[in-house]
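Enquirer: Please arrange chain C on chain U, whose structure you already have, making use of the hints.
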Amino acid sequence: MRRAQRSRSFRKIRQNTPGGKKKVKLVKKRASRPVCGACKRPLAGTAGGRKNAAKKVSGSRKTPNRMYGGNLCHRCTREMIKERVFKEGA
Amino acid sequence: MFEIGRVCVKTAGREAGRYCVLVKRENDSTYVVTGPKVLTKVRRRKCNIDHLEPLEMTLKIKSDASDNDVLKAFSDEQLRQLNLKRPTAAEIKAWEAQKSEKERKREARERAEKEKKEREAKEKAGPEKKAAKKPEKTEAKKKAKTEEKK
Numbered sequence: 075m076r077r078a079q080r081s082r083s084f085r086k087i088r089q090n091t092p093g094g095k096k097k098v099k100l101v102k103k104r105a106s107r108p109v110c111g112a113c114k115r116p117l118a119g120t121a122g123g124r125k126n127a128a129k130k131v132s133g134s135r136k137t138p139n140r141m142y143g144g145n146l147c148h149r150c151t152r153e154m155i156k157e158r159v160f161k162e163g164a
Numbered sequence: 000m001f002e003i004g005r006v007c008v009k010t011a012g013r014e015a016g017r018y019c020v021l022v023k024r025e026n027d028s029t030y031v032v033t034g035p036k037v038l039t040k041v042r043r044r045k046c047n048i049d050h051l052e053p054l055e056m057t058l059k060i061k062s063d064a065s066d067n068d069v070l071k072a073f074s075d076e077q078l079r080q081l082n083l084k085r086p087t088a089a090e091i092k093a094w095e096a097q098k099s100e101k102e103r104k105r106e107a108r109e110r111a112e113k114e115k116k117e118r119e120a121k122e123k124a125g126p127e128k129k130a131a132k133k134p135e136k137t138e139a140k141k142k143a144k145t146e147e148k149k
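Quick note, the sequences are listed as chains U and C, same order.
For the first sequence, the positions run 75 to 164 when the numbering used here is used.
For the second sequence, the positions run 0 to 149 when the numbering used here is used.
Extracted from the complex, chain U is given alone in its bound form (with noise of 0.2 Å):
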């Protein structure tokens, strides 16, 4: 193992040779999806991956292009709007 993969950031899986040995494979971790705020359930339209992946994504592929866009579901949003709507009574 060189000195740069002795980090946590990799996932470690022990694996068999066809020589019959027994290795350590480095892969790196998995990144958990982008969840809405209110309902915990997945975000559509969102850049997932790594930080770095999802840095690399244009910007109009970042988030949705709408109020609370990247932290809440169109429903919660719209669930939001009706609430505001009828506390403010306009």
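These are calculated hints, taken from the structure and not from any lab test.
It is possible that part of the hints are untrue.
[Claimed, not checked] Pairwise CB distance ranges, derived in the manner of DEER restraints:
#1 U/Val131 <-> C/Glu102: 31 to 37 Å
#2 C/Ala107 <-> U/Arg124: 47 to 53 Å
#3 U/Arg135 <-> C/Phe1: 31 to 37 Å
#4 C/Arg105 <-> U/Ala112: 35 to 41 Å
#5 U/Asn126 <-> C/Lys23: 48 to 54 Å
#6 U/Arg135 <-> C/Lys40: 21 to 27 Å
#7 U/Asn126 <-> C/Lys113: 28 to 34 Å
#8 U/Glu157 <-> C/Glu102: 36 to 42 Å
#9 C/Lys113 <-> U/Ala121: 57 to 63 Å
#10 C/Glu102 <-> U/Val109: 25 to 31 Å
None of these values were measured; they are calculated from a predicted model.
Ideal Cβ placement from N, Cα and C applies to all residues, glycine included.
Expert: Same frame as chain U, but now just chain C:
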């Protein structure tokens, strides 16, 4: 609830959470809606009722009223209620300059569609008219011939 002049909030899409006014009825489920764009950043467009939340506020406007008429219909009190600012003269001027380009394009598109429809209608009516005209001519010729013979 949904009638011309009703102020609503959009609940879906990029314009979600923004105020708009119903301007024209398209069918049972769709209306033409406008902010106008200078006021609330909602463009003039068709919108499904499912994507609108109506408010108590209504404006006195005619069906298919222009964006300028809608702007004028808002009173200062109503704007204060909605936390909106009346756009300045410079903003309106810039918006109208932008709008005129779009309107020109839209008009050109509509004109082209009209011409297309007229052409199609002519093509449909064309062969029938010719068929109707022909016998008249032949009858007239026959009459002329018979008169000559006499």
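Enquirer: Please flag the earlier hints that this structure goes against, numbers listed from lowest up.
Expert: Numbers 7, 9, 10 - these are the hints that the structure violates, sorted from lowest upward.
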